[in-house]
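With the hints as extra help, turn the sequences into a complete structure.
As a plain string of letters, each chain reads:
There are 2 protein chains.
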Amino acid sequence: MKGALLFIGDELITGRILNTNAEFAGKILSAFGLEPEEIVTIPDIEDKIINTLRRLIEEYDFVITSGGLGPTEDDLTTQAVAKALDLPLKEDKALLAAILASSEYKDTFAMASKMALMPEGAQALSEDSKVVGFALTYRDKRLFFLPGVPSQFQDLLKNKVIPQLCLWKTGGRTLECGEGKVFKSFIFFDLNETDLNRFIQEIPSKEGLKIGYYPLLPEVRLVIFGREEEVKNITEQIKVRFKLNLVGEEEESLPQGIGKLLRERRETLATAESCTGGYLASLITSIAGSSDYFDRGFVTYTAKSKSEILGVKEETLTQQGVYSYETAIEMALGAKRLSHSTYALATTGVAGPTGGTPQIPVGTVFIALATPQKVYAFKFYFEGNRNTIQRVASYTALDILRRYLLYGEGFFSYRFAQGFKERPL
Amino acid sequence: MKGALLFIGDELITGRILNTNAEFAGKILSAFGLEPEEIVTIPDIEDKIINTLRRLIEEYDFVITSGGLGPTEDDLTTQAVAKALDLPLKEDKALLAAILASSEYKDTFAMASKMALMPEGAQALSEDSKVVGFALTYRDKRLFFLPGVPSQFQDLLKNKVIPQLCLWKTGGRTLECGEGKVFKSFIFFDLNETDLNRFIQEIPSKEGLKIGYYPLLPEVRLVIFGREEEVKNITEQIKVRFKLNLVGEEEESLPQGIGKLLRERRETLATAESCTGGYLASLITSIAGSSDYFDRGFVTYTAKSKSEILGVKEETLTQQGVYSYETAIEMALGAKRLSHSTYALATTGVAGPTGGTPQIPVGTVFIALATPQKVYAFKFYFEGNRNTIQRVASYTALDILRRYLLYGEGFFSYRFAQGFKERPL
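One line per chain: the protein sequences are A and B, in this order.
For the first sequence, the working numbering assigns the number 1 to the initial residue and increments by one for each residue that follows.
For the second sequence, the working numbering assigns the number 1 to the initial residue and increments by one for each residue that follows.
Treat the hints as calculated values from the structure; they're not laboratory data.
None of the values given here were measured: they were computed from a predicted structure.
Hints should not be assumed to be uniformly reliable.
Unchecked claim - Derived pair list, reagent style SDA-like, types lysine to any residue, alpha-carbon separation capped at 20 Å:
no. : chain 1 : residue 1 : chain 2 : residue 2
1   : B       : Lys27     : A       : Glu23
2   : A       : Lys158    : B       : Arg16
3   : B       : Lys260    : A       : Gly355
4   : B       : Lys260    : A       : Thr354
5   : B       : Lys48     : A       : Met1
6   : B       : Lys2      : A       : Pro43
7   : A       : Lys2      : B       : Asn51
8   : B       : Lys304    : A       : Leu338
9   : B       : Lys304    : A       : Ile57
10  : A       : Lys2      : B       : Asp47
11  : A       : Lys27     : B       : Arg16
12  : B       : Lys2      : A       : Asp47
13  : B       : Lys313    : A       : Leu338
14  : B       : Lys27     : A       : Pro43
15  : B       : Lys158    : A       : Ser291
16  : B       : Lys27     : A       : Met1
17  : A       : Lys304    : B       : Thr354
18  : A       : Lys260    : B       : Thr354
19  : B       : Lys48     : A       : Thr354
20  : B       : Lys304    : A       : Ser291
21  : B       : Lys27     : A       : Asp10
22  : A       : Lys48     : B       : Lys158
23  : A       : Lys27     : B       : Thr354
24  : B       : Lys379    : B       : Leu317
25  : B       : Lys304    : A       : Arg16
26  : A       : Lys27     : B       : Thr14
27  : A       : Lys48     : B       : Gly3
28  : B       : Lys48     : A       : Arg16
Stated by the list, open to error - Anything over 12 Å on all C-beta distances counts as not near chain A; from chain B, calculated:
no. : residue
29  : Ile45
30  : Gln164
31  : Leu405
Note that beta-carbon positions come from the ideal geometry of N, C-alpha and C, so glycine has one too.
Structural data, given as C-alpha cells:
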C-alpha cells in the first residue's frame, strides 16, 4: 500500500514556517509501516491543487493533505477537491452548527458556511465537528484532508487517519485493525532500541498490535495501536520491563514529568551549570508554572565563579580538575546550600568544539545530584556537536533526578555513563 | 519562470531529520522572486527519482535537487539523472582528483570514482571541486543537482544557483545579472520592515540589484545580489540608514556578534534572569569560546532568590513589585557586583501563560543593563507564547548591550519598548 502526503500553503513554499507536520507525519506513518513514497508541497493555487491531487490519486493508494481548509480566501483545498474529483459540495449541518457555536465564528456566517462544506460522500474526521477535516473514498483510494494547524493535523493523523488506514490495509479484519482500537504513546529516555526490539519480538500473540518507535532526540517515542485490551496488556509489560526509561505517557516530556513529580511532592530543585551554560535551567523554566518547584539556578562558567559563588574548594579545582566528580559534587552542594532546595543538579564538562584533552575529550560531562541524604556524581561521554552535548547533558541531568525520585538510588544505569561516585552529605 | 525543488532521501520521508534545506531554499529563492511552485520529497528509490525528475522537468523551467550525490549505495541521484535524461555518465577528472586529495576518500577509490561521475554536458558547481554538485541545461530547462548536507546545499544554492538563475532569467543581460555579481547578506534585529521597504523603494538606479529579506525570528535577514560596485554602494547606504539594527554581516547572529565585541574589548558579561529562566545564558554559551567573556549567570526565579542571591531590596520587591524597573536594575547591579564583570544584563517579567494582571499583562518584561558608569532599565511588551516571549526577551537583552557597546546610550529605541529609566551607579 503506497501513500503520499500533500502540504498546501504559500507559507511553506516561501519558508516562512518550517514544515513540522511533514516531520511528524513521516515519523508516525513510518512507525506503522505506512511511510509515504512522496511528499509534495505546493502554494495556494487552485489549479496546482487540482492537478497535484489528481496525479497523486492516480499514483498512490492513499493521500493525506494538510492545509487550506480554513475560512479565508486563500483556503482553496475543499473547492479544489470538489473540482479535481468532480463532486458537488454539500453543507455538513453538524459541522456548521459546531462552527457557529464556537465564539470565533459566531458573527461570520459566510466564513462558517465555507468551512462547513464537504465534497459529497465525504465524512468529517472529528466526531464533535470541532475541528475541520474529512475523509473520502474515491475509486478505491483513501483520501484524507486535514487542517494545517499542527496540533489539529497531528491529532487527526494519529487518532483518525492511522486507525482508518490500518483497518483498510488489513481488509477490515477486526483481528488486525478496526473500530474499538486505541492508541497509546510513551516517551522514553536513554532507551536501548535493540533491547526494545528484542522485547517486542518476543511478545507472544501480538497479532493485530502495531508497535513503532521514533527518535524525538534525546527522547524516544513509542507508539502502540490495537484493541484496547491488548494495548493495555502490552502497555503493562512495557511499563514493567522499561520502567526505568519511561519518562512519560502520551506527550509528557522529561521537563514536564520532573515538574509534575516535584509539585506532587512539594519539593524543589536548584541548578549549578558549567558546560550546559543555562540550558538545563531553561529546560526547567520552559514549563509554565515551574516557579512552584524551581527557585534558582547558577551558571558558573569559569573556575573562579565555581569557587566564588558555589564554594567549590580551590584545591578541588586544582587537584581534581574543573572537570571532575568532586567539582560536580561541590557545585551541586553549593547550589543546594544557597537555594535551600530539596535537590540540586550540577554539570561540568567539555561541550567543545575545543577544550578537549586526551584524558578529558570533548563530550565528557560530569553530572552531580545532591539529595537531602547523599550526593551522587556520574561521568558521561556524549557524542555530537556543542549544541547536542549541551542538550543531552541537560536531559540526562533531569533524568537522573527523575529516576531518583521514582526508584531511589539503586537504578542509576545509563548507556553513556563511564563511572559513578557517591557519598553521604 | 517557474521552478521546483526536489529533495531525495529516506531520512526526509521518515521524518528522521527535519528538512531545514527546504525552509532555507524557500526563503532565499522567494527573496529573489524565484519561489518554487512545488517542493517534492521522495525516498532513495531509483525509479521514483527518474519519474519525478522527468515530470518536474516537463512542468517547470528550473529544477533544483538536494541529496543522493554521495558515495554510498543509497546515493542514486547521479545515476538516476543519467537514466532520466538518457545521457551517458562521464568521469570529471578535476573532481576525481579533488576527491582523492581529501583525506576522507584517499583509500576508497571506488567511492571517489562514483562521486566524480557527472552526466555528459554537466558542469561542476564548485570551482575547486571540493563539494559535489553540478548544473545541466536540458531542453532549455536549467537543472541543478546539489548535495543534501545543509552547509553545502545552502552555500551552493546561494552562491552558484541563484546567480545562474538570475543570469538566465534576464536573458544574460549583464546589466541585470551575470558573472562578476556578488551576494551580500545582513542580519538585523528589531527592524521595521515598512521602513526598510520604503528605503529600498526610494533608492535610485537600483536596476540589476536584487534585494530580499526574510524573518529568522527574532532576527531578520536581508540579502542583496548584484554587481560588486552597486552592492557595495547600497550596502554602505543600508549600513548608515539601519546601523542601529544591523546585528551582523553574512551569517553572524546576535550571540556571535556580542561575543566578538566583548572579546575584542576584553570585557565581560554576567546575567541575572527571572522570566527568561536561563535562556539568555544558554544563548550566550551556545557560542564556542564564550568562557572568554561570560563568567557567570544567575537564574533567580522567585522573589526570595532575587533578594538572597542578588541583593534586591525587600522594599523594592514589595513596593515596586517583582516586575518593575527597580527590580530589574537591582538584579543587574547584583549580578555585576557578584561577578566583577564589566556588564550585567537582567530580565524580570511575565512569560505566561498565567501570572498576568491588567497592570502587568503576560508579555511584559523589564530588562536592565548595568555598565561601569550607569544602569539602564527598559519596559517591553512582547507578543507570543511563553517560548517566544522568553526568546525575544533574551535577544532584546543582548541587543541592548550591542547598541550600548557600539553606539553608547543615545540609541536605545525599540519598537516594543514602553518605557525607559536610567541612573548613575
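Hints versus structure:
| no. | hint | in the structure |
| --- | --- | --- |
| 1 | B/Lys27 to A/Glu23 | holds, 19 Å |
| 2 | A/Lys158 to B/Arg16 | holds, 18 Å |
| 3 | B/Lys260 to A/Gly355 | holds, 19 Å |
| 4 | B/Lys260 to A/Thr354 | holds, 17 Å |
| 5 | B/Lys48 to A/Met1 | holds, 16 Å |
| 6 | B/Lys2 to A/Pro43 | holds, 12 Å |
| 7 | A/Lys2 to B/Asn51 | holds, 16 Å |
| 8 | B/Lys304 to A/Leu338 | holds, 12 Å |
| 9 | B/Lys304 to A/Ile57 | violated, 62 Å |
| 10 | A/Lys2 to B/Asp47 | holds, 14 Å |
| 11 | A/Lys27 to B/Arg16 | holds, 7 Å |
| 12 | B/Lys2 to A/Asp47 | holds, 14 Å |
| 13 | B/Lys313 to A/Leu338 | holds, 18 Å |
| 14 | B/Lys27 to A/Pro43 | holds, 14 Å |
| 15 | B/Lys158 to A/Ser291 | violated, 45 Å |
| 16 | B/Lys27 to A/Met1 | violated, 34 Å |
| 17 | A/Lys304 to B/Thr354 | violated, 38 Å |
| 18 | A/Lys260 to B/Thr354 | holds, 17 Å |
| 19 | B/Lys48 to A/Thr354 | violated, 43 Å |
| 20 | B/Lys304 to A/Ser291 | holds, 11 Å |
| 21 | B/Lys27 to A/Asp10 | holds, 11 Å |
| 22 | A/Lys48 to B/Lys158 | violated, 27 Å |
| 23 | A/Lys27 to B/Thr354 | violated, 33 Å |
| 24 | B/Lys379 to B/Leu317 | holds, 16 Å |
| 25 | B/Lys304 to A/Arg16 | violated, 42 Å |
| 26 | A/Lys27 to B/Thr14 | holds, 5 Å |
| 27 | A/Lys48 to B/Gly3 | holds, 13 Å |
| 28 | B/Lys48 to A/Arg16 | violated, 28 Å |
| 29 | Ile45 | violated, 7 Å |
| 30 | Gln164 | holds, 20 Å |
| 31 | Leu405 | holds, 20 Å |
Going down the numbered hints, you'll see the structure goes against 9, 15, 16, 17, 19, 22, 23, 25, 28, 29, while the others check out.
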